Amino acid sequence: MTETSINILIGGEAGQGLVTIGQLMAKALIRAGYNILVHQDYMSRIRGGHNTFAIRTGPDPIYAAVEDVDILVALNAETLELHREELTDRAIVVVDEAIDCQGMNALRVPFKELAPKPLFHNTVALGVLGASVCNDVSILEGLLHETFHKKGDEIVQANVEVLRKAYDWVREQEFDFTCMPPPPENPEPAMMINGNEAIAMGALAAGCNFLSFYPMTPSTSVALTLISKGAALGMVAEQAEDEIAAINMALGASYAGARSVVTTSGGGFALMVEGISLAGITETPVVVVLVQRPGPATGLPTRTEQGDLNLALYAGHGEFPRAIFAPGTPEECFYLTYRAFDLAEKYQTPCFVLSDQYLADSYRNVPRFDPDLPEVASSVLEPENPAEYKRYAMTDDGISPRAIPGFSEALVKADSDEHDEAGHIIEDGPTRIGMNSKRIVKACGMWHEVVPPEYYGEEGADVVLLCWGSTLGPCLEAMESMKDHTCGVLHFKQVYPLNEDQFMDFLEGAGHVVAVEGNATAQFARLLGQETGFRVSSFILRFDGRPLTSWYILKGLESII
Amino acid sequence: MVSMEEYGKFETAWCPGCGNHAILACLKQALAELELAPHQVCIVSGIGQAAKTPQYMNCNMFNGLHGRALPVAQGVKLANPELAVVAVSGDGCSYGEGGNHFLAALRRNVNMTLIAHDNQIYGLTKGQASPTTARGQATKAQPGGSPSEPLNPVALAVTMKAGFVARAFSGEKDHLVTMIKQAICHPGFALVDVLQPCVSFNKVNTFAWYRERCYKLGEDHNSADWDAAMTVAMEFDERIPIGILYRNSRAPFGSGMPGLEKGPLALRSVNREELVSILAGFE
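Protein sequences, first through last, are from chains A and B. Under numbering that gives the first Met the number 0, the first sequence is numbered contiguously, ending at residue 560. Under numbering that gives the first Met the number 0, the second sequence is numbered contiguously, ending at residue 282.
Just so you know, these hints were derived from the structure itself, not from any lab. Each hint should be verified, as a subset may be incorrect.
Here are some of the chain A residues that sit facing chain B, going by a computed Cβ distance under 8 Å [unchecked claim]:
| no. | residue |
| --- | --- |
| 1 | N121 |
| 2 | A376 |
| 3 | V379 |
| 4 | V411 |
| 5 | V535 |
| 6 | F538 |
| 7 | L540 |
Not everything, but these chain B residues come out facing chain A in the computed CB check (under 7 Å) [stated by the list, open to error]:
| no. | residue |
| --- | --- |
| 8 | A223 |
| 9 | V269 |
| 10 | E282 |
These numbers come from a predicted model, not from an experiment. Virtual Cβ for every residue (Gly too), placed ideally from N, Cα, C.
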């Protein structure tokens, strides 16, 4: 664990504004040049309950969330009770002076004195927190200007005054907390973005212009970001009556020339499965953003899990190719979502971005994304011989030239029934074999374009942590913390198809291969075994709805090595 | 000039005497008379005998899944507002499996037409009750008689103030052509519920049964009058009115939506400058 980092946890009821405090503080830290990683934990309710917004920050790169708390901002008494066990030796607690601190090292804040109205209590909390971590007051002032300027100068000034009062108040207090080492000078400009926002931005960079969705936690913010940020890019979005409508609408739009996405979680995706099959046989591109939460059924609606790999892998009856991407960081969310669109368009088949609640809501500081990605593969508007056009023309690679209806005299016939090259319904065996083979052969092309897994650490290490998706960070941190053994991390960001030429050396050269997954049955390790014959026999699995952490992994390793 | 012949002639898998033959012919005639060339038209269907209609037409088509014609059709229209989009499917597909989509389409009011071939029975699966089968009508799957109250699709559509609601009969071809033409020209969601006999599996609602009952609404019916429309929409017994029951001028879906006013989505490319500025908003 990085000694220089601190973990700030803001806790309180839903509706108390802890996300606002957290977002502004996180951005202020980034602007000061620090790295951050946010983990949000919330309950399935609109008001009340116990929610937390944790910011781990420091001058060195930060890979994962941790349990230990160095600064606890408790917006209510319950937060103190629930998190007292997690406080480190040096921890301070920020609470309202009215709350009994039970002997904890505390900054007891006179909220009523510092704020003219309860409306400004958040700004007080932000100011106290900012001063506690030695953040320059001008950075937070700037952020208050950006946040409130639409509400008018008066509101901005009132907030700035409260912020300064809170800073001044902290300076008068005697308390024992050491600030972090200073950040690097002149840091590169960084974005603050979470996994879901990065997926939305990746879709926009790929030219996505049609969204149909039914809201479902934790995927909803992908749709909301596409709607709010995509408006300026001409995004057409519709909240469908259900998930079945969402996927079918996306396919209709894609058939007619849109670049379509649907966003959902496992329970919603379960309903979309018939549409995935339809995409498969009609060879209609679509990108499915599946942000996982624990199941089965309603499961733990606001928590995290990697339990839907099998669902994405096998969704849809019949046989047709697909690609499944599993980003590990917001950067990977951006670039792999773009990649999913490119492959979906090129191979005319459904492609998946498989994320989870932990990554979805985890803000990070990331370098600016590249806005100039190459144009995604696209369809033909006017085929050379419109009269001869056949939607499902046979080709060596299985990819038929895809015309869009309405732009020439070519007639575009898409059919859910088995069909001939022209899209007409057939029942004869040889045509069926030809068409099914044509679709399946596209998988060969996709196999040659697999994004390779990334290997971190020493090759031939005693222990190789095998992981996919959002578990990358905790594995990297566990690797860095291991003392008695050499360790490597093999991270898959594309989980299907697999190209064993890219990674078997890493697995075969390792002492122990340990699968680290956020599910109970090691779905990826099983898939790997099925595809390559390589058998993983050690597992660290977590399925309590909480994200993997390096502490959890290191504890698990104790019984393995 | 567009001729009906451009829409082709195909051998069908329908029973001789099935109402689908007439509906297919009338649809082709309506499209030709509207001067819509096959490449300007997209027919979308679900599953069922009626849903085979686009297989027997020479034009753009998307033949999808059972009950899902409407979501696909709306997606097509939203992606390319320049295409004339017609969904064609039976009573089981449109009102049963796709019931939720039917309700949402009435509310959403995308500029498209639904032609529902309503024979009050499941034909493709050989004769089970459909959502419009009369209560008490016996079938192999409901030997004691269909226990449920039948859905009245036109009354439902009028209740929800759908933009255009018509009922037609496959035995009144000229009238049916007129209904389809008016529906396609209506700027919003248009329903044409077409009564038609299933000669193989519905021994009650036969051609003669419909012929005896159907009568054309006269000029005295004011289709802009919602109360009058409800009255005729509810009439489905010894007398069954056909014609435009109800029509209003609700703005179609997407009016005022900037994303939809820039033409077909297929012609768009990413505005990189705008993208850079959106990304900068995260700094």
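So, going through the hints one by one against the coordinates:
no., hint, in the structure
1, N121, "22 Å, violated"
2, A376, "13 Å, violated"
3, V379, "10 Å, violated"
4, V411, "5 Å, holds"
5, V535, "38 Å, violated"
6, F538, "37 Å, violated"
7, L540, "34 Å, violated"
8, A223, "28 Å, violated"
9, V269, "5 Å, holds"
10, E282, "5 Å, holds"
When each numbered hint is compared with the structure, violations occur for hints 1, 2, 3, 5, 6, 7 and 8.
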